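S.K.: Those protein sequence lines, which keep their order, are chains A and B.
Here the first sequence is numbered in the working numbering, starting from 60 and rising by one per residue.
Here the second sequence is numbered in the working numbering, starting from 191 and rising by one per residue.
Hints listed in this document are in silico derivations from the structure and should not be mistaken for laboratory results.
Incorrect hints may appear among the rest.
What the hints assert, rightly or not - 16 Å max Cα-Cα, derived EDC-like pairs, lysine to aspartate or glutamate: (1) A:Lys163 to B:Glu409; (2) A:Lys61 to B:Glu372; (3) A:Lys63 to B:Glu619; (4) A:Lys61 to B:Glu619; (5) A:Lys63 to B:Glu372; (6) A:Lys114 to B:Glu234; (7) B:Lys591 to A:Asp145; (8) B:Lys591 to A:Glu181.
Unchecked claim - Per label pair, the in silico range of CB-to-CB distance: (9) A:Asp392 to B:Asn577: 51 to 61 Å; (10) A:His83 to B:Arg327: 50 to 60 Å; (11) A:Ser223 to B:Ser405: 24 to 34 Å.
Quick caveat: nothing in here was measured; it's all calculated off a predicted structure.
Note that the Cβ used here is the ideal one computed from N, Cα and C, for glycine as well.
Okay, here's what each chain looks like letter by letter:
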Amino acid sequence: MKYKIFTIYILGIFVVGMIISIIHTPASFSDAENRYLEEKPKLVVSDILSGTYEKNFDKYVSDQFAFRNTAISLKTQFQMLTLQTDNSRVYFGDDYYFIDKQGKIDSTKLDTTINSINALSERTNKNITTMIVPSSALVNADKLPDNVSSDRSKALNNFNQNISSNINNIKLLDTLKNVKFQSFYRNDHHWTSDSAYVAYTKWCEAEKIKPISKDKFKIKVVSNDFLGATYSKAIPFNYKKDKIIKYEYDNQVSLTYSDGTVKNSIYEESALSKKDKYTYFTGQNDSIIKVHTSTNNGKSLLLVKDSFANSYLSFLTLHYENIYVVDPRYYNDTRNFLELYNIDDILVLYNIDNLMEDDYLSLFLDTIY
Amino acid sequence: MLFSSLTFLLYFFPIFTLLYYVIPRKLKNTTLLIGSLFFYAWGEPVYILLMVFSIIINYLIGLKIGSAKNKKQAKVYLILAILICLGLLFYFKYFNFTLDLFNQIFKLNIRYSLVTLPIGISFYSFQILSYIIDVYRGKVKAQKNLINFGVYVSLFPQLIAGPIVRYKTIEDELANRTITFEKISNGLYRFVIGLSKKVLLANTLGSIWTTYFNSNLNELSLGSAWLAIICFSLQIFFDFSGYSDMAIGLGKMYGFNFLENFDKPYISKSISEFWRRWHISLSSWFKEYVYIPLGGNRKGARRQIINIFIVWSLTGLWHGASVNFILWGMYYAILLIIEKLFLNKYLEKCPNIINHIYSIFFILIGWLIFECTDLNKLLPYISAMFNFSNLIDANFLYVLKDNIVIIIASLIVCNNYHQYLTIKLSNNENAYFTFKIIISTILIGLCLVYLIDSTYNPFIYFRF
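Chain B with its partners taken away, still in its complex shape (with noise of 0.2 Å):
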């Protein structure tokens, strides 16, 4: 099920939020877990197969990893849930793309297997992967409870597109966590925000993006290029973050606090501090997990390079199974290196509106790389971008003017310039309440008629 469906929003939301605040406490970790259960079900209910197994063998594993006599024998558990996980993980997401680079390379014709990615499967890889790394590495208790450790991997709010919760961030509140009006109200606020970025702003960019990047490439404007990745970048930034915040929202309307995923990055002066405030729980996962075990920056300067390297193509594999990722992954790679070996002396010399437009240009072909898929279209696109013998063309007049509002609206509101607005109204607490119960109201209403517009289909003249 996904957040901005109307199967989601009229019926799953409301019926099980209600059901879950007057069950006894006791009960509630059983409920989410069913819940959380059903909503994975929703729409492909044989992966659920797939999720149970994996929380059953984890949670064995987990205990005896816990219990191990000495570090040899946990370290063989250790190894097993980790081949186990990313096992899964490289057939369900890796193995037909494998197939199709080898048939490549070696003029091959093996024959694909028929398997769909299960959805979420690369975030809930990643939670127990943390939990078990953890517990062997005795930060956090072997979970004893089943239905604890059920609701820590299929928690519904993030399941889908995360945040990647670390297990020990809501370890206590696993077991133990207090529902209070306060919680609640601001969560459903974080939800409702984070809903109209996804359906009102990440939607309607979304659409100038694909319509642009689908027409011929060879004709379009200057203009429209650098409008179109604009529009992508905002489109994904809001599709993402408003995923989190619903994430984030749900999470403490059930008590949980999970850790902030996105924090304004396109305010970014360099690649590097972009990669600190953008989708912030898979890199701090990788830097955990991956970069530092590796060795991080302690083994020399040759070293760190290869970690970075490492670390960064597995990053962009981590994000679909194709080789525009692996790229888009070393792309970063270079920049993340080139900025630590010298350029970050001369950026601090810079003004920062230099910083702003390196990190901003270098960002937007970053997206470029990101969306093609197919490679053919990344030098089209480009040489687009830069052809000065064709700027602006009508077609860009018309859906800038089209869309201007929504544009000038997504560049106040992904870098939270619209906070100043809500600090002001923050002092004055009655105003700031009405506000919020004001703009709710709006906004859950405009959700509500853009998701029902999209699948408004009218056919006439053609009944069949």
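Only chain A is shown next, with the shape it has when bound in the complex (with noise of 0.2 Å):
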């Protein structure tokens, strides 16, 4: 008796297993995952003589699984309780900090884009700035789990004395490390507004200008319920949601998309109701966005950037007339930029994490003049 129970209830998992992944309907895209997922493979004979049809079954079935976000839960769950503290793709930090764990450190692309940085600098008399932003690992090196340390450290340094002396490099790492607010979100890889501001008025500094105020400006709370990239690498069932502020000016602004959109904000407010808020800065990534503003210097800037500056953004609106935004990854028409833009000033603001992974910024940068 105890035998047929036995068969029966073990077997009986797998079959209903197998329901639930029949009827589930497939959904085409994961918020949680920001990708499109696996969908049903069309039977075609030579597809299943290749293997592919296999091959494409075998991820359709894992992707469509009905439960699959309380899986990844369930695993993170698991894990915190055999004491691991990471998931090959974030570290479970201290006070609900998930900071994404960081790959091999490899110098070959940044190498070569501070060699690109540094050719531009000899080859035009433009003003040229650094600024990059070190990763949340570097930051909040406390929150990390014991005996962890961030090797991004080292191709930060590497920037910071490879970077010619004719550049104004603006350093953040100590900054933003001492300061007493959230720099970085717990749920995602982005820094917070607030060290944005930071940055901005050490950026003020170097280019010897006077910050505004942060009284000037009316602090909102824009959303509560953030829950960002790192998040979706574990879905913890504890967590702590991000707060998302913005720094509003009064000042008017208009930003015109590459595919011709105008907008009269730099903000993005459908992207509250969506599960990646951080959007809510411009929008998407865009090869190139044109902003054109109420103050009246005449000056151009060219903004070279990857997402960290994108909430950052507002603040070069207060001292730029133009600023074009380029995103190299996506923006090709490079040939006589300078010129034909008429730039003054160039701005690259990086994330280091994403600068050590770049090919597309040296090539822009190759070819802009």
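Put the complex together from the two separate chains, hints included.
M.R.: Below, the structure is given as structure tokens:
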């Protein structure tokens, strides 16, 4: 009798799993993973013979598993129970910080990029500024598990040492380490608007202009329930939601996106009802955004950047009439860029993690003059 | 198809099993054959032709040997079968490797053929050989039923990763087997245990090993080097014995009794003992069909040493077409010869702990050779293991602490220490039953969760 019960019960688990898997309606897009999921492959003889069909079917079964997100949460929970402190995607840090785990350090790309920036400074007389934002793992080293240290500090040192002295290089690591507010989101790899403001004051210092003081801004909480990219890499049961704030200033801007859309605000209100709320700042990454502001000084800035600059852009609008925001990953119409747009200043704003893995920035900088 | 894939666990396994149970007894073997061929074809359909060819040709040769008028005629067929089996195995597994060696030695540049290794060919070729040789020796009767013979060769539970089932082990069961709920439930439990060894332990330990092994070996600390190779030796054990557990479990569910393939190898007190406990079906195959026919230990000490070298070079080569596998085999040949010649006498006098340390040390070094398909990594790794100027680093402390529960659990499970718990429980039938139900549920759940997680791939901010 016992054997019968055991057999029926255990086989039943697999059968139920199969039934759930079959009747579950496939979704085409995963919000948590921010990617398209594998769809049921079509039965084509040549695909079956080459093994492609079988491979895609395996992916499909896993991608479309009904309780996929719950499964990830359960794994995270089990790992925490067994005292593990990372899941090879993120560290489970103190105080509900989920911090990206970084791969092996490889400085070849970084070296190329540094050379390109230095070369640009020799070829043009434009005022070039670099602002390399450290990653959460560096700034929040105290939140990481014991014995973990981010080797990205080596990369950052490498950059600081080898960047030409003609360039205004703004260093942020020590500043951000010593601030009293939350410098990075718990659930995302991006920095908070407060950090961006501090970086702005450092930038003003370097550019020898007077920063607009904090009390001149209307500081507003725009979301109380931000769960970003690093959250999605673990989907933990226990977490603390992040607040997104914005520094609003009474000036006019108009943003022209690469597809011709014109908007009169840096902020994308619709993003707040979506999963990826960081896109509240300027929306999805675009190849080029042309920003025109009410700052009537005739000055033009080229901002070469990754997504860390999106929450920083609003401060720049206070000092330039025209800003050309370029994401080199998507932009390739580079020739004569500096002349064509009458650029006065160039600001390179990247996060160190992205910078290290980036090929496009140096390609872009090598071809814009 | 792999047992540790969701396609197998959520589709093939439940559908096939239910089908197999409801189908009338007469058709069970046909069902098994079709199911096995489907299982094999999943992902690599072309090689099914090779398998079907092997089944038919060896079936016919088997019949011929069985009905041969004299020993001489039988021998001709035997040699023919051996040539076909080993020829195919050589072509698909060792041809490019041999070409590569030739090219290097004679500075030639012969082009490679584009064959890929058919999954399981090393296992099923050996099964076929054992059948043919045993028919020739008169130990078993030739199988008259093509379907039954096809089932023996292609039986999916052990098709991909063993154990190498000898024909005589399941000869009777091919024709006649009983399936009871007791067997099914024991088989299911064994399957779940094997699956968990593979998914929960082996995969986790494996990722520790690969991270270290692919890092800069010159910077590896002594602690990390040892931790990593220990993780690898646990990984390969759980990977392999997990597969054997799943095979034995599935076999039971469908009415077959395969022999055990692993018997707590890491408790061994000598290398000879290790090889009596590790991958038993392979070492006994080589003993039965190579070592003993070569004369074994009956033709004097010198001949025995040569025989040991031959057998172990072949054993090494069986594991893969690469120089390091041959080295690995020779390494064990040397150790076994040393033990036979004189070391055993001293080992017997030593306390157990010394014997254990001695065995584990050489087994670990053995696994390192086994893993160094790039032989350039071998010396840097070994020197890291003895680099007393770089004992431990922060990363070692982190990885050890991060995985301490998994590592301790692995050490307990690999030597079966958890049996003390289950033996106590098994005195109380009800408690043991409840325990098995609970532990199986948890393990199946965790395995599914881990398998899903392994394909979880957040691709934030880049939509392609």
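S.K.: Going through the earlier hints one by one, which of them does the structure break, listed in rising order?
M.R.: Those not satisfied come down to hint 8.
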